[in-house]
Structure formats: C-alpha cells, structure tokens
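Chemist: If you count the sequence shown from 1, position 256 lands on 1266 in our numbering, and the numbers rise without skipping.
Calculated from the structure, these hints are not laboratory results.
Please note: incorrect hints may appear among the correct ones.
As the list claims (entries may be wrong) - Okay, derived cross-link-like pairs now, BS3-like style, lysine-lysine, Cα gap no bigger than 30 Å in a straight line:
1. Lys1066 x Lys1184
2. Lys1247 x Lys1125
3. Lys1209 x Lys1169
4. Lys1247 x Lys1184
5. Lys1117 x Lys1143
6. Lys1066 x Lys1116
7. Lys1139 x Lys1025
8. Lys1116 x Lys1139
9. Lys1117 x Lys1025
10. Lys1117 x Lys1139
11. Lys1227 x Lys1025
12. Lys1233 x Lys1302
13. Lys1302 x Lys1292
14. Lys1117 x Lys1282
15. Lys1184 x Lys1227
16. Lys1125 x Lys1025
17. Lys1215 x Lys1116
18. Lys1125 x Lys1184
19. Lys1302 x Lys1039
20. Lys1282 x Lys1294
21. Lys1227 x Lys1209
22. Lys1233 x Lys1247
23. Lys1227 x Lys1215
24. Lys1292 x Lys1172
25. Lys1172 x Lys1302
26. Lys1311 x Lys1039
27. Lys1247 x Lys1292
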Amino acid sequence: MPRVASEFVPSMPFKNRHFATIYSAKLRKAPIILQHRERLQLPDNDFLDLDFSFSKAPTQKIALLLHGLEGNAQRSYIKGQACAFLERGWDVCAMNYRGCSGEPNKKYLSYNAGKTDDLNRVVHYLLEKDRYKEIALVGFSLGGNLLLKYLGEGNALPKSIKKAVAISSPLDLKGSLYELSQWYNWVYRTAFLYDFRMKLRLKMKQYPERMTPAILKQITSLKAFDDLYTAPAHGFKDAEDYYAQNSSLQFLPNISIPVLILNARNDSFLSKNCYPFSLAEKSKILYLETPKYGGHVGFHKTDRIYYSEARTLQFLTSNS
C-alpha cells in the first residue's frame, strides 16, 4: 500500500478534530442535487432504497456511495461527493442501508459493518441496467469498512469495478469501539445510542418476541447494542465475534484493484490499527493517505467542495 504524502492542510478552526467532525456532519449546507429513488426488492422480502442522481450528459460511469453508521443518502458528505461526481460527468447511486431511508425495513436484521451481500446485490442491480461500463465504489466510515471487506472477500469482482475509495474507515472495529467509548467521544456515542434505541423501539413493535423492554433497558453502550442486537440479529455469537469477522483490516491483502484509504491521523473514531503503515510498503495497488488533520469525515476545504471529494475524483480518474 503506497503511503501517499497528503497535501491537505485546513484553515485554523478545522484543525480541531471535533470542530471538523461536528461542523461537517451538522453545519455544512448540503449541495442541492436532484435525486430519484428506486426501491430494490431483496430475496428475503426486505428492501433497499437507492437514491440516483444523473449527470447532464449520458454517461457510462457511475459512483456507488456508501454512508456511515446511522447515516443515509441525504447526509451532506454524500451529497457533496455526489455533486463532485455529477460535475465530472458521472452518474451517482447513493445506497441507503436497510432501515436508513426514512422507513423501517421489514426484517428483524438491518445493516452492519460487514453485510456485503446487500452491497453485492446493489452492484448487480446497477449492472443489470446494462448502462455502465465503470462502477466506482466510495465508502464513508462504516461504509468504507464495508466496501473494503467486499473487495477483499475473495469473490470474483465484476470487471466494471475498477477502483474504490474508503474515507475515515474503521478498519479495526473492536479498536474503533474502544476509541468511541472514551470520554472525549461522548457526544458521538450519545447520539448513536439515541438513534439505536429509537430504531429498536420500532423493532419491539414489529418483533415483540425478539426485542423486549428488558433487552432494550440493557442497551446502554455501543458494545451492549452489538451484543444484544447486532450480533444475534445477524448470526454472530456476540459483539466480539461480529468485530472479528467483519473488520476489513484482515481483508486488505486480498484486494485486487487500486484502492485509496484516506484516514486522518486526528480522527477520534479510529484506533492505531486503522493506519496499516506496515502494510503500506508491500502493495502496489493499495494507497494509504493519512493527513494530519480531517477529523472524522471532516476534510473541509470549502463548503462547496471538501478535500476528500476532490481527492476521490483525482484518484479515480488518474492512471494509478
């Protein structure tokens, strides 16, 4: 993974990791783009909502964008990246994971950091349109881990998938859980737990025999959520098993297409294992860029276009 010297240096307030993270998530005005929603019916009778945006001129290139934990296709980082692609003549498909599109999904299970079967179904849905010769994958946070695992699982990839970019990606799920559990991350941790518990109250109405008030009462931490919901709902023994099987770090050596991993060194969500420097010198196709600043998905350059958005296009359109 060639180590890439980063050119990113933000203005003074954005050098603070929490300011960069929170501003980018809550205060940045998302670009206005036209989206067309398509519902993909899944074999298990559940569904995924996909939000498409189309370039002004017909194109054979499309970017598939994967959001982060408790995100969706309306987040400013998704719309910002979509806008950058549209301006360069790409179509965009922003995937909403199960239960993230504004409507509860039908099944007890939902999404997780390694649920690549749903991602694979979306990729093939795009291929079935018989319109695109190139599909670029771009994942943010949890979505970055998801796409890296997908690329490295050893399955034959469609030839149309030529490159990918993972931004602010927790390659080591257990380590990132530890970081999120630290006092300085209490704002993010509290927000995630609030969203989780709201969704589990809906699951309790749908599946009262599986999600009970007694179980919900025990979910007072991120690990408890994974122990009591994520793991049993998705077929893992417990949270530790879920983290071990789905951390993308172990899949990196098997990736066969050029990939850029962009992780800020001051990202408070990421553990030291999310910066695989030792692996960086052994690969010719995996590129690791670790700017000093950026927080978590907070690579502010201007409100109109972030460094990460421009860098993604630069990488995908280069000859590397």
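Chemist: Look at each hint and say if it fits the structure.
Modeler: Tested hints:
no.: 1; hint: Lys1066 x Lys1184; verdict: violated, 43 Å
no.: 2; hint: Lys1247 x Lys1125; verdict: holds, 16 Å
no.: 3; hint: Lys1209 x Lys1169; verdict: violated, 37 Å
no.: 4; hint: Lys1247 x Lys1184; verdict: holds, 15 Å
no.: 5; hint: Lys1117 x Lys1143; verdict: violated, 33 Å
no.: 6; hint: Lys1066 x Lys1116; verdict: violated, 35 Å
no.: 7; hint: Lys1139 x Lys1025; verdict: violated, 43 Å
no.: 8; hint: Lys1116 x Lys1139; verdict: holds, 26 Å
no.: 9; hint: Lys1117 x Lys1025; verdict: violated, 42 Å
no.: 10; hint: Lys1117 x Lys1139; verdict: holds, 27 Å
no.: 11; hint: Lys1227 x Lys1025; verdict: violated, 38 Å
no.: 12; hint: Lys1233 x Lys1302; verdict: holds, 29 Å
no.: 13; hint: Lys1302 x Lys1292; verdict: holds, 23 Å
no.: 14; hint: Lys1117 x Lys1282; verdict: violated, 35 Å
no.: 15; hint: Lys1184 x Lys1227; verdict: holds, 23 Å
no.: 16; hint: Lys1125 x Lys1025; verdict: violated, 33 Å
no.: 17; hint: Lys1215 x Lys1116; verdict: holds, 12 Å
no.: 18; hint: Lys1125 x Lys1184; verdict: holds, 17 Å
no.: 19; hint: Lys1302 x Lys1039; verdict: holds, 25 Å
no.: 20; hint: Lys1282 x Lys1294; verdict: holds, 22 Å
no.: 21; hint: Lys1227 x Lys1209; verdict: holds, 14 Å
no.: 22; hint: Lys1233 x Lys1247; verdict: holds, 13 Å
no.: 23; hint: Lys1227 x Lys1215; verdict: holds, 15 Å
no.: 24; hint: Lys1292 x Lys1172; verdict: holds, 20 Å
no.: 25; hint: Lys1172 x Lys1302; verdict: holds, 28 Å
no.: 26; hint: Lys1311 x Lys1039; verdict: holds, 14 Å
no.: 27; hint: Lys1247 x Lys1292; verdict: violated, 34 Å
The earlier numbered hints that this structure contradicts are 1, 3, 5, 6, 7, 9, 11, 14, 16 and 27.
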